[in-house]
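Chains as they are written, first to last, in full-length UniProt numbering: chain A, 1 to 349; chain B, 1 to 349.
Worth flagging that the hints you see were computed from the coordinates, not collected in a lab.
There could be a bad hint or two in this list.
Since copy identity is lost for identical chains, a pair holds within one copy or between any two.
Unchecked claim - Calculated cross-link-like contacts (lysine-lysine; reagent style DSS-like; alpha-carbon spacing at most 25 Å):
1) Lys268 <-> Lys240
2) Lys296 <-> Lys159
3) Lys268 <-> Lys223
4) Lys90 <-> Lys159
Here's the letter readout for the chains.
2 protein chains.
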Amino acid sequence: MASDGVGAEVSNKQVIFRDYVTGFPKESDMHVTSGTIRLEVPEGSNSVLVKNLYLSCDPYMRGRMNPSTDAGYIGSFTPGSPINGYGVAKVLDSGHTNFKKGDLVWGITGWEEYSLITAPEALFKIQHTDVPLSYYTGILGMPGMTAYAGFYEICSPKKGENVFISAASGAVGQLVGQFAKLLGCYVVGSAGSKDKVDLLKEKFGFDEAFNYKEEPDLAAALKRYFPGGIDIYFENVGGKMLDAVLLNMRVHCRIAACGMISQYNLEKPEGVHNLTNVILRQARIEGFLAPNYYHKYPQLLELVLPYIREGKITYVEDKTEGIESGPAALVGLFRGRNVGKQVVVVARE
Amino acid sequence: MASDGVGAEVSNKQVIFRDYVTGFPKESDMHVTSGTIRLEVPEGSNSVLVKNLYLSCDPYMRGRMNPSTDAGYIGSFTPGSPINGYGVAKVLDSGHTNFKKGDLVWGITGWEEYSLITAPEALFKIQHTDVPLSYYTGILGMPGMTAYAGFYEICSPKKGENVFISAASGAVGQLVGQFAKLLGCYVVGSAGSKDKVDLLKEKFGFDEAFNYKEEPDLAAALKRYFPGGIDIYFENVGGKMLDAVLLNMRVHCRIAACGMISQYNLEKPEGVHNLTNVILRQARIEGFLAPNYYHKYPQLLELVLPYIREGKITYVEDKTEGIESGPAALVGLFRGRNVGKQVVVVARE
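Isolated chain A (complex conformation) (with noise of 0.2 Å):
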């Protein structure tokens, strides 16, 4: 055994995925067990060996916890192993030529307190250190780009255009409404409690937001918000909210389709009955997956580091401690428990 700790058996507690779920998933569809692992890589093996620092808690999780027909774009999780995800970690062993002891990376990584990451070539690594590590799960990773591609290549933002975003207060709403604000777009955000809606306005900077939970007739609202109508929404939610959407387009109105939440835990989706309108609009509803635009991730660090740097935008991150602390943060993702970014935090360094 090094001193180091490099090459020792060690005790690694992991979050173990149960079974595939219905309805809304609860902590009980995972648990927490603790294995052993070795701190290196397999002789021979191009792997590499990390320790996670902190894990991310996001929506496209839920669709992973189904059978695999219907798990999306990834995969299901496996019952009976660690769930995984994305994660922020440091590389304590390599056999990778791309990457050494002490190297920090951000991609999928499992839920656990050390990993062996089999294709490593997915990972990217980790370059500037003087933001938060965790922002690697949010603003400045899959969340980022989500943002970045959602908003700038699927919208084709202009500089006045009234934008809309749901969940807007989430990993990746905060982003795109700063974003938009950025632009010199007008901004809109629902969220569904009073304090996040207060963060919208008064820490992201937003023009307007409401909770959704306090409005009986969403068209209404919307209506209210933009009586010229919207140019631009940025859809995390789907079902009801969409609909009212679809009664308050302008014409040639943009729908960048990242995430419809609001729809993930239902045995049969919501029905959405305004679609005529997509017509009468010349509107455009566009699903994407952040995957897909990672080649701009240097197109992403070049925008946004600057703006971290000089406090233009800011981003609220939702910190539990503990990798026992997993179950009930992911959980809680999808009943709007998260202020912020959810982000579990398993290290420190």
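Since chain A is already given, all that's left is putting chain B on it; use the hints.
Chain B in isolation, oriented as in the chain A frame:
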């Protein structure tokens, strides 16, 4: 009164719109009356006076039977006044420098034997008369532009792609299918009768076609015809068919939302439940209106006139004779009674 009829006051049969419509339109929502009209343009006016030859029955006209708040892009019909819509007409007198007596035109005209058109700038002058004149209500008119814009501009089709078209034997669908076949796509259409299905396969050269009324499970039907999924859906019907398509999309599927005729007569449109697949498949649903593409009309002519002359594109019309047959023809459109493009023949020259 001039010997050529110009200046004469003659009787003028008109199809009058009675009042706004709820549910399916009925023949009795219109009535035919006879007024009189002087066959000359008023002194100093830049109007044109036309004799209407062919009137076009188009699905978008249903929206114009609603009160103006949801009439769509042209505006409601006026209760007590003649219906108007696309048609082919001959100029009898002109106060506009662009037009002279004897010119043939297509564009918006009244459902009457003679019309005074006060904004003739919007009319298209017909230059090619070696093809049937009635085609300017169809393949060479608005429906032609609809097929052209929807397929080439909205869908960006590529050779070998899998194309599905609903209401495929209609004015637009039959043309989209032939465009797609000429490009080398695999093309399947749906329609509402055996006759129409036969037409699709035997006359228009679709690879496959099916009668949606005989398919208890539309998603299963599409799965059968598209085991690898749909690349392009040309949407003419909406509702359940759209929902079934959403379950059968390939990645980057494009849906050109041209019309949703199954929904126009419902008091509450059906719910569409499978929109989350738009995200997972990175799909795009885009609404469009042909008039926005009229600047490309020369390209349509350049494309289709040779095909028509060479017999490489065929166009099936369903003609009824006499303006008195107009209400039944228009109403029949929403019951699927027409086989091919529905045209009302008012006069042949």
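Hint-by-hint comparison with the structure:
{"no.": "1", "hint": "Lys268 <-> Lys240", "verdict": "both (14 Å within a copy, 15 Å between copies)"}
{"no.": "2", "hint": "Lys296 <-> Lys159", "verdict": "within (22 Å within a copy, 29 Å between copies)"}
{"no.": "3", "hint": "Lys268 <-> Lys223", "verdict": "between (28 Å within a copy, 20 Å between copies)"}
{"no.": "4", "hint": "Lys90 <-> Lys159", "verdict": "neither (40 Å within a copy, 47 Å between copies)"}
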